[in-house]
Amino acid sequence: MTTLEGPIPEDSFNRDADNAEGSQGEQAAASSKKDVGTRSSRSLVWRRFKRHKLAVVSLWIIVGVYLIAIFADVIAPRPAGDYNPDYPYVAPQSITLTDPGDGRGFGLYVHGYTQEIDPVSWNRYYTQDPDELHKLGFFVSSGHDYRFLGLFTTDRKLFAPQEADAPFFLMGADANGRDIFSRVVYGTQVSMSIGLIGVALSLVIGITLGAVAGFFRGPIDAFIQRITELFMSLPSIPLWMALAAAIPREWGPLTIYFAITVLLSLIGWTSLSREVRGRVLSLRSEDYVVAARLDGVSRFRVIRRHILPSLTSHIIASVTLAVPAMILAETSLSFLGLGLQPPIVSWGVLLQEAQNIRSVITAPWLLIVPSAAVVIATLALNFLGDGLRDAADPYGGAR
Amino acid sequence: MLQFMIRRIGWSLLTVWLISLVCFFIIQAPPGDFVSVLMANAEADGRRLTAQQVDVLRERYNLDQPWYAQYWAWIWGILTEFDFGYSFRWNRPATDVIMEHLPFTLLLAGGSMFLTWIIAFGIGIYTAVKRYSIGDYFWTFVGFIGLSVPNFVLALVFMYVAFRYFDMSVGGLFSPEYVEADWSAARVLDLLQNLAVPALIIATAGTAGLIRITRANLSDELAQPYVMAARARGQRENVLLMRYPVRAAMNPFISTIGYAIPSVISGEVIVSSVLSLPTTGPVLLGALRNQDMYLAGSFLLILGVLTVIGTVISDLVLAWADPRVRRQHSGAAQ
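Those protein sequence lines, which keep their order, are chains F and L. Just add 13 to wherever you are in the first sequence, counting from 1, and you've got the working numbering. Just add 36 to wherever you are in the second sequence, counting from 1, and you've got the working numbering.
One chain only, chain L, in its complex shape (with noise of 0.2 Å):
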């Protein structure tokens, strides 16, 4: 176990690396630069910079570097003092925008992992136990919709109907009396339900193929002779499912979400630009816009950083709960 553990960590390391070379090949890819933008718009603006002025922009921002000493210089602030570098646009530290927006992320991303668990579970135990039957092809054709239609469109339906039918704008996570409130048992509450509809939404994209994985092991393994054993000593039928078919067609379940996570963090980055959240979404798509490099950089660098724990988490869990698992690992990896 501590074997599998020490090499799964060591090539998640080697992944975060890569990824962050990634990332800053990413914000480098842009012709030009943060400067050039500022330029382009004081020229629309109707000012000009004289070329002294952007000369001085650029050593101050490390623009007129080499790429490796951007790179070096960026990690290295990252690494040694958690200095994610400056944001041009906000005209801050980006650490600062990063640590304001990311918890409303994690919380939504939580949310709607949390939604899209219970969901897959509750349905794939019903189609699976119920195969066949009309509930089974109704709850089965609502998860393909769920994975059918766009995230972005879902929440636009629903700011639609909320606004023409409920007389509510829908945006932030607050509601207006809340928006400037301390800290209190009611903002959290609050919170939750503002919060519920964009994790619905997002959840309803990874639904389907979890419940299509949950009705297959669920159906296999109810066909064992072990589940009619059970039944014919009595026991109970709920009992009897929970107890052992449903505890044996977790695993895969466990392991899925791993995968899950990407795209969660996918849906919270759309439907957040669309809904105007306070999370990394919207801020990462004006970072892009404006080529405000560091600022999107660190913003994708988190992000995957974030999915790799997840998936390393759910590797783990599943070794732990799994024995074949570990064994399967340690061979693929020889």
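Next comes chain F alone, as it looks inside the complex (with noise of 0.2 Å):
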């Protein structure tokens, strides 16, 4: 820094000496770059990552997926489950803006479907009829009753059918009729929510482990790391299989989805607790920490109020992360028929009736609209994370 000239006004001892140095007007003008030693760490690290504009906007298209996860109830048109056995393996429905001429007026319709039977094969075809219309309308009754997030019940569907009963699939239809749309939108809710709840659990245990092997050193940082390592160099698919091969058949699905997501945190926490390792090390020898314990500041207090705020932001950035690589651990999981089972709805599992080549051959969208799902979600979580590590340092060098 360079020397200072002139007295220094009180509230300028927290600012960079470059700062103390130039008018009043000047620190204004150049707030961008100067004020960096008065604004909190925060806002630094916010400023940073709105720079990196795929992230900012990776961040809104997850806000947007876990939205359509808490609203899935009105944004799907069917229930999960719901199937209809006159309309198998239909194929997505065009919308179109029309007036039929019957007095329904002008807005948007559907089509619906005909049926041809093949003489020689038998196989049935399923092909859009061009004079049956169904009228689509917003927030409609579908009768088909929900509790609107607890509070309330109601059938309205944000965007659905007029008549209850007509055919709806904007993204067409399984072997059993059942509506690829609905079940996509069910499925964010378990496949989004198992990431975030397996990320939680795998965090107590990394920063619990990582923060005492970097805080005591010595044998207890050496056991913990030969742990760590131990989890590290199994190949966690074929462990994850064996492990999810374990758990009863007879479970309730939702023990399933318990048992897997623990599963998924007790193999996934050894690179946050690395992570978490690596900077509590290089963070207890920082002046304020050695300061702090010369106090006489008990350790637990050290690590809780002095360390662990400082290693928010990377933990963030970890976090981040470790959620697609969990979404996708699920997936994988569920696809081998080892992970959630069908009455739950999660992307992989709508992938397992992908497993077969000839019905993806006869319906691409079985293995298209559950992929395209995934790719959305877990590209735009790692850009997030990798845009979140970017600004996690908020003091680093200018990139």
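Everything labelled a hint here was simulated from the structure, so no lab data went into it. Please note that the accuracy of each hint is not assured.
In the SDA-like style, the derived pairs of lysine to any residue whose C-alpha atoms are separated by at most 25 Å in a straight line are [to be verified]:
| hint | chain 1 | residue 1 | chain 2 | residue 2 |
| --- | --- | --- | --- | --- |
| 1 | F | LYS66 | L | PHE177 |
| 2 | F | LYS63 | L | ILE170 |
| 3 | L | LYS166 | F | VAL69 |
| 4 | F | LYS63 | L | ILE181 |
| 5 | F | LYS63 | F | ILE233 |
| 6 | F | LYS66 | L | SER169 |
| 7 | L | LYS166 | L | GLN260 |
| 8 | L | LYS166 | L | TYR280 |
| 9 | F | LYS66 | L | LYS166 |
| 10 | F | LYS66 | L | ALA252 |
| 11 | L | LYS166 | L | ILE290 |
| 12 | F | LYS66 | F | SER56 |
| 13 | F | LYS66 | L | PHE180 |
| 14 | F | LYS63 | L | PHE180 |
| 15 | F | LYS66 | L | SER255 |
| 16 | L | LYS166 | L | SER56 |
| 17 | F | LYS63 | L | ALA252 |
| 18 | F | LYS66 | L | GLN260 |
| 19 | F | LYS63 | L | SER255 |
| 20 | L | LYS166 | F | LEU392 |
Here are a few chain F residues that sit away from chain L, every Cβ distance over 12 Å (derived from the structure) [as the list claims (entries may be wrong)]:
| hint | residue |
| --- | --- |
| 21 | LEU72 |
| 22 | ASP95 |
| 23 | ASP112 |
| 24 | TYR138 |
| 25 | TYR159 |
| 26 | ASP168 |
| 27 | VAL225 |
| 28 | ARG317 |
By construction, the Cβ of each residue, glycine as well, lies at the ideal position given by its N, Cα and C atoms.
Join the two chains, each given in its own frame, into one complex according to the hints.
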């Protein structure tokens, strides 16, 4: 820092020496760079994060995905398990803006389906019927009651046909005539929550072990490091497969959901723990931590009050990067039939139906729609985590 | 160096022992055993096993012994006679089943490690040299897509495209005319051709991380004064790049490969199950579903041990290449 000239105003002690040199007017003008010393750490992180455009877009996408999960009942036109044997494997409908001229008025319509049976192979084919039109509407009554956020009972759906039993398959149907769009929307609830809960659990294990190892060092650290290495050296998918196969099949869907979440976090904590340990090791020699320790503050309090708060932004970044890995793990397990089981709808469970290449050839949307959901969510979370990691250290060099 | 090697190998032996315990407990964990699966299957067929038959079966497979006796018998057999127990489902020694499938797994895992390495190396150098260019953003984006698309979805898409547009039925490692053929140059070539796509699919998951690391390290090195000095002396840019900064940036590259091995093995299991390749993946899946415990446990053990060996080798190579690592490791272990 440069040498200071003249009397220093009281309030500039906590500012950069660069700042103290300039006049008040200059300081205000150069606020973008030079007020680093006065801004809170949090606002610096946020400012730096905003520079990463892709990460900001991803943040909004993730907010959108979680909103879909929260309001799944309103968004999905049909309940998750609602099937209709009249419409197996029907193709996605196209929405048309038209006026059929029968008094129903100008608006959005979808076509119905006609069935043709091949006289030789007895295969049934469904094509969209150009003459059969069903009017769509916003917040229409669907005939399927649900509790809105647990507050009151309603059957209004965001966007659905006005006749409750009209065919409405925006993204096609599966073998049992279940609406893929509705199922993917409900799958969002399970897949996105399993990522969050699983990471929360691994966070507790990871932070505790990482902070203890980094702070106490010595034999405790060596021991925890060995355990971490053991878990990291095991190939995770075969291990998950084996553990998941050990879950009794007769357990209820909800119990299996929690068991799978616990399994995912039992193996997923290692990278978090390593990250925390590395940060704690470098933080514990920082002056303010040494000062606190010399003041006779207890070890537990030093970790909790002085070290963990400055770890927060790094932890948030690592967590954001851990969530997509967990979502992918759940999807892979469920796809192999070792994870969640059919009454529960997750993206992986939906992809189970795409296991058979024959049904993918008949109905490509069985593969495309759920995997698009997985890719959008994990891609956005990865970009978000990448942006947060870059922003996590606002005092580092400009990048 | 010798001390470091001994310590590192000692720790990995301990790790291997812990892995064997974990594997054994996992295969013991499901309620019931192979005989109860057999009983359930028989009942589904309308037959019923007598209590005497069940007892005879249990005794024959050592299932009536306490767990530590079973563990000891299993481990002792592996150590002394290379006998991994008996596969109930295949009705053959587990060793035979493993040996039949393991070479393909090693080939596939090795191939995808190699591809991961080549791709990450090329793209990493390119993105570091042309930082913030359109090409940098493009390749970074491609890397992230590889990270975000589940391996099995890529495999399914590949199968779909091959079937739909090229009228090929994908599956297996050999084209139909070579399945039963004797080994020949043409058969090896056919194997490599069929191996390329699965290896590439598995490689997509691991490259993004490696690209980021290479890019970050090389960017740091490129800003060093020695690069400018070499440039000032008139060294050609390509020669300069490969001779100094790339070599200096390689270290973390070697160390991360150790941790890439588990992810490659994981990817192999899933992709092979989808593409029905004759590797360990589908066999392990079947063994887990049928509680064929010795086969499942042995596969888990072998995959775990292979991973440990790979990590140890990458650590030793790293320590040989960089004395700082040696010291750091011995410091942490004290």
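Status of the hints after comparison with the structure:
{"no.": "1", "hint": "F:LYS66 to L:PHE177", "verdict": "holds (13 Å)"}
{"no.": "2", "hint": "F:LYS63 to L:ILE170", "verdict": "holds (20 Å)"}
{"no.": "3", "hint": "L:LYS166 to F:VAL69", "verdict": "holds (24 Å)"}
{"no.": "4", "hint": "F:LYS63 to L:ILE181", "verdict": "holds (22 Å)"}
{"no.": "5", "hint": "F:LYS63 to F:ILE233", "verdict": "violated (40 Å)"}
{"no.": "6", "hint": "F:LYS66 to L:SER169", "verdict": "holds (15 Å)"}
{"no.": "7", "hint": "L:LYS166 to L:GLN260", "verdict": "holds (16 Å)"}
{"no.": "8", "hint": "L:LYS166 to L:TYR280", "verdict": "holds (17 Å)"}
{"no.": "9", "hint": "F:LYS66 to L:LYS166", "verdict": "holds (20 Å)"}
{"no.": "10", "hint": "F:LYS66 to L:ALA252", "verdict": "holds (19 Å)"}
{"no.": "11", "hint": "L:LYS166 to L:ILE290", "verdict": "holds (23 Å)"}
{"no.": "12", "hint": "F:LYS66 to F:SER56", "verdict": "holds (17 Å)"}
{"no.": "13", "hint": "F:LYS66 to L:PHE180", "verdict": "holds (15 Å)"}
{"no.": "14", "hint": "F:LYS63 to L:PHE180", "verdict": "holds (20 Å)"}
{"no.": "15", "hint": "F:LYS66 to L:SER255", "verdict": "holds (21 Å)"}
{"no.": "16", "hint": "L:LYS166 to L:SER56", "verdict": "violated (47 Å)"}
{"no.": "17", "hint": "F:LYS63 to L:ALA252", "verdict": "holds (21 Å)"}
{"no.": "18", "hint": "F:LYS66 to L:GLN260", "verdict": "violated (29 Å)"}
{"no.": "19", "hint": "F:LYS63 to L:SER255", "verdict": "holds (23 Å)"}
{"no.": "20", "hint": "L:LYS166 to F:LEU392", "verdict": "holds (24 Å)"}
{"no.": "21", "hint": "LEU72", "verdict": "holds (15 Å)"}
{"no.": "22", "hint": "ASP95", "verdict": "holds (26 Å)"}
{"no.": "23", "hint": "ASP112", "verdict": "holds (38 Å)"}
{"no.": "24", "hint": "TYR138", "verdict": "holds (18 Å)"}
{"no.": "25", "hint": "TYR159", "verdict": "holds (30 Å)"}
{"no.": "26", "hint": "ASP168", "verdict": "holds (35 Å)"}
{"no.": "27", "hint": "VAL225", "verdict": "holds (15 Å)"}
{"no.": "28", "hint": "ARG317", "verdict": "holds (25 Å)"}
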